[in-house]
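Peer 1: Residue numbers (the numbering used here), protein chains in the order written: chain A, 5 to 119; chain B, 5 to 119; chain C, 5 to 119; chain D, 5 to 119.
Hint data in this document are derived by calculation from the structure and do not stem from the laboratory. Each hint should be verified, as a subset may be incorrect.
[What the hints assert, rightly or not] Pair by pair, the computed Cβ-Cβ distance ranges are: (1) C:A96 with A:N39: 33 to 41 Å; (2) D:D63 with C:K97: 20 to 28 Å; (3) A:Q103 with B:K118: 43 to 51 Å; (4) C:R114 with B:G98: 18 to 26 Å; (5) C:A111 with B:G99: 43 to 51 Å; (6) A:D107 with B:P100: 25 to 33 Å; (7) D:D93 with C:Q67: 20 to 28 Å.
Yeah, the Cβ is synthetic: ideal placement off N, Cα and C, and Gly gets one too.
4 protein chains.
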Amino acid sequence: MVEGMAESTDVTTPAADPAATPPRGYDDDKTAYLNRLARIEGQVRGLRRMVEQDEYCIDVLTQVSATTAALRSVALGLLEDHLSHCVVDAAAKGGPEAQLKVDEATAAIRRLVKS
Amino acid sequence: MVEGMAESTDVTTPAADPAATPPRGYDDDKTAYLNRLARIEGQVRGLRRMVEQDEYCIDVLTQVSATTAALRSVALGLLEDHLSHCVVDAAAKGGPEAQLKVDEATAAIRRLVKS
Amino acid sequence: MVEGMAESTDVTTPAADPAATPPRGYDDDKTAYLNRLARIEGQVRGLRRMVEQDEYCIDVLTQVSATTAALRSVALGLLEDHLSHCVVDAAAKGGPEAQLKVDEATAAIRRLVKS
Amino acid sequence: MVEGMAESTDVTTPAADPAATPPRGYDDDKTAYLNRLARIEGQVRGLRRMVEQDEYCIDVLTQVSATTAALRSVALGLLEDHLSHCVVDAAAKGGPEAQLKVDEATAAIRRLVKS
């Protein structure tokens with residue numbers, strides 16, 4: 005879970021070979037998502053520092069809410085990309101795949117709303 | 005925002021001097037909160053790795069929801085500690101401070117619910 | 005907004021003429037949705053009665069949460085039906101309509117998550 | 005659950021006797037809460053009518069979100085009143101009651117956030 009950058013750079017290699025990993029719904033915005041997640045990681049690190057420094061509970065809570073909202077926004081973006089690409093593509097092809105994709109997306113929305 | 009561990013260790017120094025920083029509502033559970041936040045930081049790092057590796061949108065979304073739920077749970081814990089200590093103490097002392105603390109807490113709950 | 009049952013019965017007339025109103029995503033479960041909404045209306049009426057009778061704040065809050073959860077569940081059902089029918093049908097037909105439907109659905113999910 | 009107005013009026017009788025029912029946290033705003041809940045009841049009735057009339061899924065969803073937001077706002081108001089009165093009063097009196105009230109309020113916040 006806490007591996008460093010070197011490995012992370014490593015693992016992007018398969019993406020250079022489209023056969024190995026199919027493009028994902030979020031593919032066009034991949035760099036933007038990586039930047040947003042790096043920023044969120046920084047926000048969580050900032051939260052730890054606030055607790056270490058005994059900052060005021062309400063100030064910590066404000067930053068937790070900001071971080072949660074940033075994660076929620078990433079989730080909504082991923083979901084939109086998924087519907088636009090994966091669900092629409094499956095529906096265009098026809099067959100039972102489309103309903104499977106919709107069920108999967110609905111379950112994800114349910115988890116998102118309850119989280 | 006993305007400073008390293010050295011500085012984080014540095015900034016805990018004031019905590020050694022209780023006069024400089026008053027105890028916070030979350031003081032008793034400080035180590036537990038730091039551990040939980042470290043785990044959440046690892047979850048966000050894991051999210052970045054998933055996007056780098058082009059993992060399936062729905063799998064990424066599942067992990068985003070798990071991370072959001074973990075953050076939400078930290079927020080509820082901090083809020084409970086805040087009500088138990090800061091709000092109750094202010095109310096016990098009497099005076100206008102109690103209402104100020106309640107207003108502050110309510111605003112925090114509002115942000116939490118909307119985030 | 006607060007019209008009685010007579011009118012409500014009236015307005016279902018167009019449904020008898022399928023040409024006038026196209027079937028909706030929730031069409032198959034229409035009766036179930038109407039029953040669920042009638043139950044939610046009863047829950048809100050119960051909330052008013054609790055406030056009228058000065059019931060304990062926390063008990064009122066518990067019922068508000070139950071009512072919110074019931075509404076949220078109706079929303080998730082409607083959304084699932086919408087994705088399964090309206091979005092999938094538009095995608096199967098092809099053309100720009102599919103993306104419009106996805107944008108619309110995403111905006112609805114966004115409102116749902118923030119509400 | 006679906007009793008009419010006559011009974012609702014009936015049940016307010018105890019309120020005329022303050023000894024029978026202690027004042028609640030929301031007491032000062034009781035009329036405002038009753039009006040807001042009556043409006044929400046009308047919104048739910050409007051939702052039923054929309055489904056009966058086969059209105060477009062997304063339009064129904066928009067109204068569900070508006071209704072959920074209105075209920076959520078009532079909940080936040082009740083919670084604030086509860087903290088300002090019941091929790092603060094218990095804390096001012098001292099004793100174990102304050103912690104019980106905080107626990108109860110925290111459980112309510114938890115249900116609210118998850119609903």
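Peer 1: Take the hints in turn and mark each one as holding or not.
Peer 2: So, going through the hints one by one against the coordinates:
Checking the proposed 33 to 41 Å range against A96 (chain C) and N39 (chain A) shows it holds: the Cβ atoms sit about 35 Å from each other. Checking the proposed 20 to 28 Å range against D63 (chain D) and K97 (chain C) shows it holds: the Cβ atoms sit about 21 Å from each other. A hinted range of 43 to 51 Å for the beta carbons of Q103 (chain A) and K118 (chain B) is inconsistent with their spacing of about 33 Å. As the Cβ distance of R114 (chain C) to G98 (chain B) is approximately 44 Å, the hint placing it in 18 to 26 Å is violated.
A111 (chain C) and G99 (chain B) have their C-beta atoms about 47 Å apart, which keeps the hinted 43 to 51 Å range intact. Remark: the range hint 25 to 33 Å for D107 (chain A) to P100 (chain B) is contradicted by a beta-carbon distance near 54 Å. At roughly 23 Å, the beta-carbon separation of D93 (chain D) and Q67 (chain C) lies within the given 20 to 28 Å, and the hint holds.
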